[in-house]
Amino acid sequence: DAKTTQPPSMDCAEGRAANLPCNHSTISGNEYVYWYRQIHSQGPQYIIHGLKNNETNEMASLIITEDRKSSTLILPHATLRDTAVYYCIVRVRDDKIIFGKGTRLHILP
Amino acid sequence: EPEVTQTPSHQVTQMGQEVILRCVPISNHLYFYWYRQILGQKVEFLVSFYNNEISEKSEIFDDQFSVERPDGSNFTLKIRSTKLEDSAMYFCASSGDRVNAEAFFGQGTRLTVV
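Protein chains in written order, with our numbering: chain V, 693 to 801; chain G, 1221 to 1334.
Hints may contain errors.
[To be verified] Computed cross-link-like contacts, DSS-like style, restricted to lysine-lysine with a CA-CA straight-line distance of at most 27 angstroms:
| # | chain 1 | residue 1 | chain 2 | residue 2 |
| --- | --- | --- | --- | --- |
| 1 | V | Lys761 | V | Lys793 |
| 2 | G | Lys1303 | G | Lys1262 |
| 3 | V | Lys744 | V | Lys788 |
| 4 | G | Lys1262 | V | Lys788 |
| 5 | G | Lys1298 | V | Lys788 |
| 6 | G | Lys1262 | V | Lys761 |
| 7 | V | Lys695 | V | Lys788 |
| 8 | G | Lys1277 | V | Lys695 |
| 9 | G | Lys1277 | V | Lys793 |
| 10 | G | Lys1262 | V | Lys695 |
| 11 | G | Lys1277 | G | Lys1298 |
| 12 | V | Lys788 | V | Lys761 |
| 13 | G | Lys1298 | V | Lys695 |
| 14 | G | Lys1303 | V | Lys793 |
| 15 | G | Lys1277 | G | Lys1262 |
| 16 | V | Lys761 | V | Lys695 |
| 17 | G | Lys1262 | V | Lys793 |
[Stated by the list, open to error] A partial selection of chain G residues facing chain V, derived with a Cβ cut-off under 7 angstroms:
| # | residue |
| --- | --- |
| 18 | Tyr1251 |
| 19 | Val1263 |
| 20 | Phe1265 |
| 21 | Ser1268 |
| 22 | Phe1281 |
| 23 | Asp1282 |
| 24 | Phe1285 |
| 25 | Lys1298 |
| 26 | Met1309 |
| 27 | Ser1315 |
| 28 | Gly1316 |
| 29 | Ala1321 |
| 30 | Ala1323 |
| 31 | Gln1327 |
| 32 | Gly1328 |
Honestly, the hints are just simulated from the structure, not real lab data. All figures in this text were calculated on a predicted structure; none of them were measured in a lab. A virtual CB, placed ideally from N, CA and C, is assigned to each residue, including glycine.
Using the sequences provided together with the hints, build the complete structure.
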C-alpha cells in the first residue's frame, strides 16, 4: 500500500499557484519524496523529487517539512494543461514505485 | 530528452492468445519495470528487473507473465494466455543511471482482450 496520504481532489484557478499537500509520517531516513502526475491515460510523468531540502525545477517546487513527515508540491502558475492526477510517493532510490490514488487537480479557467 | 518507448500503442487480441509488449528503456538505465492500469483504477506494479533477472514481482505477476531483456536494449512483457481481465494499459519504466534516481515511464500499450 502507498505510504502517503493526499486529498482526493483539488481545484485551482488558472494562473494561480497550485499547492498540493502530502502526508508521509512514516517516511524512513533513506526514502525520497517523489512527485509524478498522470494526464488522462498517459504514462506517469516525473515532476520532482527530494530527500530533505526544498527543490525547484522548471516544472515545480517541492517543500519538505523539517521533520520530513509532510511535503507540498507547488505549481507556480497553473495552466489548463496541468489538469491531471498528482501522485506523491516515498521511495528508496531505484526501488519500485507504488502509486496510491493521488490528487485529482482541476485547473479552472 | 531521452524517453522510454513502447510498442505497439494499442493491441487487440483474442482470449487465450499470447501477446508480447515491447519497451525500449532509456539507454544507460539499469532498472526496468512493468506496471498496468485497468480502466478507472490506479497504476499497479507488476515486476522489476535488474541485472538480467527479476528483482521483485507483485501477486498479479503470476505464471502467465514473463519478462525478458533479449538483446540489451529491448525489455519485453509476455502474457502467455490472455484473459479478458488482462485488458488494461501497460506501462514500462526505467531508472538508475547511477547519478539520478528518477523513473521514467513510457506512454503505454493499451491491451484489449476480446
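(request) May I ask which of the numbered hints given earlier this structure violates, with the numbers listed in increasing order? (result) 13, 22, 23, 24 and 25
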